[in-house]
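**Student:** Fit chain B to the given chain A structure using the hints.
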Amino acid sequence: MTRTPQTSFLGRIDGDIAGILLLAALLIVILPLGLDIFRLNMVGKYLTYAFVALGLVLCWGSAGILSLGQGIFFGIGGYCMAMFLKLEASSPEATKIQSTPGIPDFMDWNQLKELPWFWEPFHSLTFATVAVVAVPALLAFIVGLAMFKRRVGGVYFAIITQAFAAILTILIVGQQGYTGGINGITDLRTLKGWDIRTDEAKLVLYFVNAALLIGCILLCLYVRRSKLGRILVALRDKEDRVRFSGYDVASFKIFVFCFAAALSAVGGAMFTLQVGFMSPSFVGIVPSIEMVIYCAVGGRLSLLGAVYGTLLVNWAKTMLSESFPELWLFAMGALFIGVVMVFPNGLAGLYQQFIAPKLRRLTTRRTDAPVAGAPIIPPHTAAD
Amino acid sequence: MVNPTDYLLAVEGLTVSFDGFKAVNDLSFYVDSNEIHVIIGPNGAGKTTVLDLICGRTKASGGSIKFRNRELTAMKEHQIVKAGVGRKFQNPSIYDDLTVFENLEISYPRGRTVFGALAFKRDAAVRERVAEIAEMIFLADHLDQRAEYLSHGQKQWLEIGMLLIQDPELLMLDEPVAGMSVNERKKTAELLNRIIRNRSVLVIEHDMKFVEDIAHRVTVLHQGKILSEGSMERVKNDPKVVEVYLGH
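Line by line, the protein sequences give chains A and B.
Quick note: the first sequence uses the numbering used here, first residue 1, plus one each step.
Quick note: the second sequence uses the numbering used here, first residue 385, plus one each step.
Same shape as in the complex, but just chain A (with noise of 0.2 Å):
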């Protein structure tokens, strides 16, 4: 009785570093090697929607709360980016045309006279670096003390995170003058006088989202391995219990709202550099249902599983709308129900199910006799 869950924690780790090394090897050697800067740029643009995947294995795999307003998070994300790059672009050489130079060409048109107050600090890099985590993580703050204190949960509060997207969505719809209405911020150029729209820029910022990603991805890790990630699963299950164990759970609940809040804004933030516009076509309803199934399909208690399946299923979409642009949202629409009926689990789950056995089979073969003769340990759900 001297074994204790610290030894098959050890192997679970081995494993969920080998996955990761695996993941790096493909993002950072085999994809830049294989593909031409146009499709890597591509995958690059995929990659930032990995990001908000991940904060949904934790937030809807572990904790078990379904948000439908991750574009929310990542449109801010993107936007506070945008502001700062649509300040660089709109110097008042560049913009000596306009009745007012030196403000961006939207405001411009939509009879603006002085950059409003809010634009202002978005001058300053380093505090648009800040408030892309900073500013969702707020208001993800703000909506979970809202809804959390008050025990909302489940389906209600998926809908209500659809609202907030439908909301912010039409706010910046309506004000054109400052958000770029529909369009969006458009026209960037510059970081810090560095042209992001070459190719260089771009296999360079292609570099820094997978590097970004990895980071992410060990972050989540860290998470779910302490106890707050089992304390999370433990909620999903049996939230009553956790209560009556001395903890407060909408606090846990809010944390890990706020935690996936800064990972999808960072993707946000990743996406305007490497897209070169935000609009609030990635806001929305839509996007936000979307991102949800990037995880679904990879599977939503897996973190690489979505990363994954984000992958997958953008490179599918990309096939198809290039092929057969109608059809595109049929397969969408097939993909999820599949997901939900076939494999609730993702490609993680049917991995988990027919390749890892078989894996496990082969590396134990390898082995000496009493490794074989341990007991086998059941797949965990915490762990990829």
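The hints are simulated quantities; they were obtained by calculation from the structure and are not laboratory data.
Model, not experiment: these values are computed from the prediction.
Among the hints, erroneous ones may be present.
[What the hints assert, rightly or not] Simulated coverage check for chain B against chain A, where a stretch passes if three residues somewhere in it have a Cβ under 8 Å from a Cβ of chain A:
id, region
1, 449-462
2, 469-477
3, 489-498
4, 501-509
[As the list claims (entries may be wrong)] Computed spacing ranges between beta-carbons, pair by pair:
id, chain 1, residue 1, chain 2, residue 2, range
5, B, 403, A, 154, 20 to 26 Å
6, B, 502, A, 350, 49 to 55 Å
7, A, 118, B, 502, 29 to 35 Å
8, B, 609, A, 357, 57 to 63 Å
9, B, 519, A, 35, 55 to 61 Å
10, B, 454, A, 129, 53 to 59 Å
11, A, 327, B, 532, 39 to 45 Å
12, B, 502, A, 32, 32 to 38 Å
13, A, 149, B, 402, 21 to 27 Å
14, A, 286, B, 502, 30 to 36 Å
15, B, 403, A, 149, 21 to 27 Å
16, A, 130, B, 519, 46 to 52 Å
17, A, 118, B, 454, 45 to 51 Å
All residues carry an ideal CB built from backbone N, CA and C; glycine is no exception.
**Tutor:** Then chain B, alone, in the frame of chain A:
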């Protein structure tokens, strides 16, 4: 007569109504330190509601619940737990997706805030305490097993273990032997007899044999009110009790 404030738990004039129906009506009772107090009564008497009120799951419409002279009715659930009140639910309430070890570890009273939980380290103290409790609840060989795969009786023991690891001063158990096999029942009685030392226990139970074995004092509830109170011997011979409950 002892001054009420000397009791560990003092429930006075407790009332709760659901849409005008008084599930608990002007109820007063006291639990001493190291006392095993059993609440019995027919279905719908308000027994579980009383536990719900004490642990904060249901808010009282009136009256007071004092635990070591602290008013519980004004506190949140997790604060009540931290004050030293542990509660076991009627159906085994454990975390199916976690192992037995992890189930116990979550109940270990450390790192209960968000950042405390993030920084929580599974150190020797935690492992020893979990092993000690697991031994006590007959689950020492199941630490790595997912709780979902335990039998009904083992799940009940696990939940009792999850309370023990908190080391509460007042332990509240809602039908701890319900649905158990004869063998499990015997082991549970043995377990309860061991863990009730040095703490007060408030138990709801239907099994009269079991109640007789453990109770220091029995309160009989009927329609949200106290029908009879005292030793098992006295209660058993109370004609009112025989009529509404034991006579069945």
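**Student:** Of all the hints numbered above, which does this structure not satisfy? Sort the numbers upward.
**Tutor:** Of the numbered hints given earlier, those the structure breaks are 6 and 10, listed in rising order.
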